[in-house]
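Residues per chain are reported as follows:
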Amino acid sequence: MVAFLDFEKPIAELQGRIAELRETAEAGAIDIDAEVARLEAKSQKLLRDTYARLAPWQKTQVARHPERPHLKDYIAGFVADFVPLAGDRAFAEDKAIVGGLGRIAGRRVMVIGHEKGEDTASRLRHNFGMAKPEGYRKAIRLMELADRFGLPVVSLVDTSGAFPGIQAEERGQAEAIARSTEACLALGVPLVTAIVGEGGSGGAVALAAANRVLMFEHAVYSVISPEGCASILWRTGEKAADAAEAMKITAADLKRLGVIDRIVAEPVGGAHRDRAAAIAALGAALADELVQLADTPRDELRAARRAKFLAIG
Amino acid sequence: MSWLDRVRNTIPFIARRDETPDNLWHKCAGCGQMLFVKEYEENQSVCPKCDHHGRIGPDARFDALFDGGIYTPLPMPAVREDPLKFRDQKRYVDRLKAARQATGEQDALINARGVIEGKRAVVGVQDFAFMGGSMGLGVGAAFVAGAEAAIAERCPYIIFTAAGGARMQEGILSLMQMPKTTVAIAMLREARLPYIVVMTDPTTGGVTASYAMLGDIQLAEPGALIGFAGQRVIEQTIREKLPEGFQRAEYLLDHGMLDMVVHRHKLRETLASLIDYLCVEQAAA
Ligand SMILES: [Zn+2]
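These protein sequences, in sequence, are chains A and B.
Position 20 (the first sequence) corresponds to 20 in the UniProt record's numbering; numbering is contiguous.
Position 248 (the second sequence) corresponds to 248 in the UniProt record's numbering; numbering is contiguous.
Just to be clear, a hint being listed does not mean it is correct.
[What the hints assert, rightly or not] Here are the simulated distance ranges between beta carbons:
no.	chain 1	residue 1	chain 2	residue 2	range
1	A	Trp234	B	Ala129	18 to 28 Å
2	B	Lys90	A	Ala121	38 to 48 Å
3	A	Gln44	B	Glu235	42 to 52 Å
4	B	Pro48	A	Glu118	55 to 65 Å
5	B	Pro75	A	Trp234	31 to 41 Å
[As the list claims (entries may be wrong)] Keeping only pairs whose Cα atoms sit at most 30 Å apart, straight-line, the calculated DSS-like set for lysine-lysine is:
no.	chain 1	residue 1	chain 2	residue 2
6	A	Lys255	B	Lys49
7	B	Lys38	B	Lys27
8	A	Lys95	A	Lys72
9	B	Lys49	B	Lys266
10	B	Lys266	B	Lys27
11	B	Lys85	A	Lys255
12	A	Lys45	A	Lys255
13	B	Lys241	A	Lys95
14	A	Lys42	A	Lys9
15	A	Lys9	A	Lys45
16	B	Lys97	A	Lys255
17	B	Lys27	B	Lys241
These are calculated hints, taken from the structure and not from any lab test.
Glycine included, every Cβ here is placed at the ideal spot set by N, Cα and C.
Could you put the whole structure together from the sequences, leaning on the hints where they help?
Written out as structure tokens, the structure is:
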């Protein structure tokens, strides 16, 4: 059973009643099929209705849901023969960004993405998906490697932002992000990005200056977290919902603004309720984009990417 | 004009508002010394006692930098105004209006062309007084326009950065200025023209993480605060006290992030010499 979010309380209550009924039935052997079916239908409708009109702040919570699929799951789901590659060759291996070679729908690709981790131990190992300079420098190295050997790059973005720390600053967090963005823009191979969870600020855009940017239906992508924006402009983090609304962070808004190119629909109730279906939908969308960009000349890919970002505004 | 100003204008011995003691004196943010505004400004807003570099806007910067204080401001490119119809406690359009009134500028980045010790250059100056120098559509478009002007005139693009980061009121569109300005730098690189960054106090956030860190040469003014993450955010995240001088220009120099920390009084000659070395068309010999 999934962990319910605050705004899903009515659905959680219905599910609770269904569970209770089932227990009673097992104990007393009364026929409850009709009642359970009725409640299930009601619950399903409520779930569909709720998710059809999620507020931006609610989407933020869905995007951060601990059971939402993450990089490891996507790789396991639609990247065949994955060969992980590590290290920036300068300082360290940063596990907040994972990358490697693989095949998507039979095509050779370089996959790079943020990994938040799935339990306490792995979240600590991956630093909750908050990369340090060495993470971005590894990404640059892998992008350049892909470029040399003609492999399209697929990047999956899921980070609350780049790591704010003393050593990260000392080693040039800002420079690493700037160079990573520059590396994206210089690629002579296709770069396809998917914002799969949180697209947090510079730490996200460093992997997302792409030919095509896809975004999951309930993912969010923003210049600062709603809490951060609220604490600066409203002077209290408690206005995060207002900030989320005002900043226009949802896939539908970003599509309208021309910042993303394609929305990937999620299963009813969000990717975490049917992980397999969500993973398959993303794999199919990425494969489709790779087909469309295949055989595009190097100069054309670069020129199109540049023109796209020059035109945003 | 207020009634007081009217009275002042008719009575010559009452000081006008801009000559009241508050404006006659400037308290140095570095050493606390009271300084004559006139002398302070004639010294390019550098404290004569402790060398603290005060923040200066585009006009003062251009005056100090270009030969004879002569330069031509470049027109500000037109951009969409308030694309998100943003409002927090105030409407963004009202904040913009107030910033324009206070600074007399259209947005937080102004370009000008002129000559520095005989070398032609296009110079962009970010104005911290305009909404914290924040980067939105206006700043992004001005940066691209500055780079394009430099390419058209076959001269370097020199940018003086000063910003608290991205302009939140323009949401994701402000974030998109990071790749957008990076494209302009790629164009300068292909044209083989120098792109020189002078970081001034403060340069943080998305501005640092894009065009401010991509210079062929990276200069900074003494004591300038330069970083990606804000100090409070870092302290809250790691729950440690920050080291002495953290995120200051000298600290970045020590950590290999800058070529030089240059005193404001030495910027003109430093830039001229760099142009001479890097801009083949303008080399002396
Ligand atoms: Zn002083």
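Status of each hint after checking the structure:
1. A:Trp234 x B:Ala129: 18 to 28 Å: At 23 Å between Cβs, range holds.
2. B:Lys90 x A:Ala121: 38 to 48 Å: holds, 46 Å
3. A:Gln44 x B:Glu235: 42 to 52 Å: 46 Å Cβ-Cβ, so the 42 to 52 Å window holds.
4. B:Pro48 x A:Glu118: 55 to 65 Å: For Pro48 of chain B and Glu118 of chain A the Cβ distance comes to about 60 Å; the hint holds.
5. B:Pro75 x A:Trp234: 31 to 41 Å: holds, 36 Å
6. A:Lys255 x B:Lys49: Status violated; Cα separation ~55 Å.
7. B:Lys38 x B:Lys27: Roughly 13 Å separates the two Cα atoms, so the pair holds.
8. A:Lys95 x A:Lys72: Status holds; Cα separation ~12 Å.
9. B:Lys49 x B:Lys266: Roughly 17 Å between the alpha carbons, so the hint for Lys49 of chain B and Lys266 of chain B holds.
10. B:Lys266 x B:Lys27: holds, 24 Å
11. B:Lys85 x A:Lys255: This hinted pair holds, its Cα atoms lying about 17 Å apart.
12. A:Lys45 x A:Lys255: holds, 27 Å
13. B:Lys241 x A:Lys95: Roughly 26 Å separates the two Cα atoms, so the pair holds.
14. A:Lys42 x A:Lys9: holds, 14 Å
15. A:Lys9 x A:Lys45: holds, 14 Å
16. B:Lys97 x A:Lys255: Within the cut-off at roughly 29 Å; holds.
17. B:Lys27 x B:Lys241: Satisfied, since the Cα-Cα distance of roughly 28 Å is no more than 30 Å.
Consistency note: the structure conflicts with earlier hint 6 alone.
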